[in-house]
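Enquirer: Build the full structure now, drawing on both the sequences and the hints.
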Amino acid sequence: MMYLAAEDPQNPLLPVWPEVVIGLLAFGIVFFVFSKKLLPAINKALDERREAIEGGIEKAEAAQAEAQQTLEEYRAQLSEARHEAARLRQEAQEQGAALIAEMRAEGQRQREEIIAAGHTQIEADRKQAAQALRQDVGKLATDLAGKLVGESLEDTARQSRTIDRFLDDLEAKAETGAAR
Amino acid sequence: MSSDQLLAFETDCHLFKGCGFEAPSVWSFIFDPMFTVGGIDFNKPMLLAVLGTAIILTFFWMAFSNPKVVPGKLQMVAEAGYEFVRKGIAREVIGKKGEPFVPLLVSLFFFVWMMNLWALIPVAQFPVTSVIAYPAGLAIVVWATYMTVTFKTNGFVGGIRNLCVPSGLPKPIYVILTPIEFVSNIFVRPFTLAVRLFANMFAGHVLILIFTIATWYMLGTVLGTVYATASFAMTIVLTVFELFIQALQAYVFTVLTATYLSQALEEAH
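Protein sequences, first through last, are from chains U and D. Position in the first sequence (from 1) plus 9 gives the number in the working numbering. Position in the second sequence (from 1) plus 1208 gives the number in the working numbering.
Be aware that one or more of the hints could be misleading.
[Unchecked claim] Calculated lysine-lysine pairs in the DSS-like style (CA-CA distance at most 25 Å, straight line):
hint : chain 1 : residue 1 : chain 2 : residue 2
1    : D       : K1252     : U       : K45
2    : U       : K46       : D       : K1281
3    : U       : K53       : D       : K1252
[To be verified] Sample of chain U residues at the chain D side, in silico, Cβ under 7 Å:
hint : residue
4    : L22
5    : P24
6    : P27
7    : I31
8    : G32
9    : A35
10   : S44
11   : L47
12   : A61
13   : I62
14   : G64
15   : I66
16   : V146
17   : G147
18   : L149
No wet-lab data here; the hints were simulated from the structure. All residues carry an ideal CB built from backbone N, CA and C; glycine is no exception.
Expert: This is the structure we're talking about:
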């Protein structure tokens, strides 16, 4: 062995078997523990980490997509609402205009009606008044003529009394006519 | 340490004192057994190998045995190392088919690195991989895996073709190339894999030894102390350089393993 040959050292390129065995054993233990226990454990952790990261990314993407969708929905709703509002406003305007025009026409019609009714009334009143006046004037003329004929005209006092009486009659008649 | 070989530090031999420089030799890599367990004489490199294994396992056990989705500091560091081998070597060199070999590559990388690192860890200060037995053992493992994967993927004939007959070349070339490929893939590859690692660590250790011993050797006189200072500075520089080489050699060993496996996994055309 190496320490036996004192003058002639062991050739450094020739392996000594006990050392080879120890080296193989040492490496074998390292390899065994690494391949059976440590590397599977760390691989599991690394996979979990990758999954966690990828899962996080997926979650974030999903949330973003949802937010985008919500935003679009909201925008669509908003534009729809705007359209609706515009439509309502226009409709109201149209309705208002129609209403105003209708009312104006109605007012015009009513005014004309009223005016026409007034005219008719006036005409009727006038006719009635003319009729009544004619009758009254005729009757009065007849009365006056009768009185004039029935009474003597020599007495002025008497004459004037007759006229006064006639006029009083007239007034009384007019008063009763007005009261009626 | 054999009786006629003293460490430079154990002599009182200095420059200008009329005695020669005791350069480090192969003896610096040969250790007397320290104790015996079950018929195996444990020497320093063996002890360091076992201790190194314990350190790797402790570190990764603490980091990975109860892994969190949100990692702590230790887990983060260990994960960085693991992902470096998995993505930087297995995925990069072999591709998707490399996933089953990740445990092997990760073990190789950290085992070799740890065994190299012993060179700089105070008190130990000896790279376990500068003893050929350890790289040789690892090379045997790699070779066995390489062969198994080759024949499992391609069958016996396909495996032989995979090993000896690279595709897409003009026919006459195969006359020369087939034996070369055969020898190269089956014998030279495991050998160089082991020797590359061994020689790098061996040479690095010798370099550091030379300058360390020289620092001691040149002390004693004023002029000698000036030399010794320069030599000591060199030791520091080389130590930093070794730190780099250790990681690099671990990486190279793992990448080459991955390259062999990638070739083994290639379907015959």
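Enquirer: Return the numbers of the hints above that this structure violates; sort them in rising order.
Expert: Per hint list: 1, 3, 13, 14, 15, 16, 17 and 18 violated.
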